[in-house]
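Build out the structure end to end from the sequences listed, making use of the hints.
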Amino acid sequence: MCLQGRWSSHKLSQAFVEFQSVKSVDVLGDCRRHAWGMALLAMETIDFTCFRNANV
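Numbering (the numbering used here), first residue to last: -12 to 43.
Read the hints as simulated data drawn from the structure, not as lab findings.
Be aware that a few hints might be false.
Pairs of lysine to any residue, SDA-like flavour, derived with a Cα cap of 20 angstroms [claimed, not checked]:
no.	residue 1	residue 2
1	K(-2)	D17
2	K(-2)	D34
3	K(-2)	A41
Here are the computed distance ranges between Cβ atoms for each label pair [claimed, not checked]:
no.	residue 1	residue 2	range
4	Q7	C37	26 to 32 angstroms
5	F6	D34	28 to 34 angstroms
6	N40	L15	39 to 45 angstroms
7	C18	F38	36 to 42 angstroms
8	N40	S11	18 to 24 angstroms
9	S8	E31	42 to 48 angstroms
Just so it is clear, CB atoms sit at the ideal spot from N, CA and C, and this is done for glycine as well.
Shown next, in the form of structure tokens:
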């Protein structure tokens, strides 16, 4: 995973990406689009005991 630009990696302590094995449906007007889903969890911490979600 490459975090560049506004997703500056020096502020993140941990990041995890999950690939979901089901496709989601996006409807825009009369068209439907099927795409794979992904979830991103990014955390900021100082001592790895307590954390907060990072704004990415």
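List, from low to high, the hint numbers that the structure doesn't satisfy. Violated hints: 1, 6, 9; rest satisfied.
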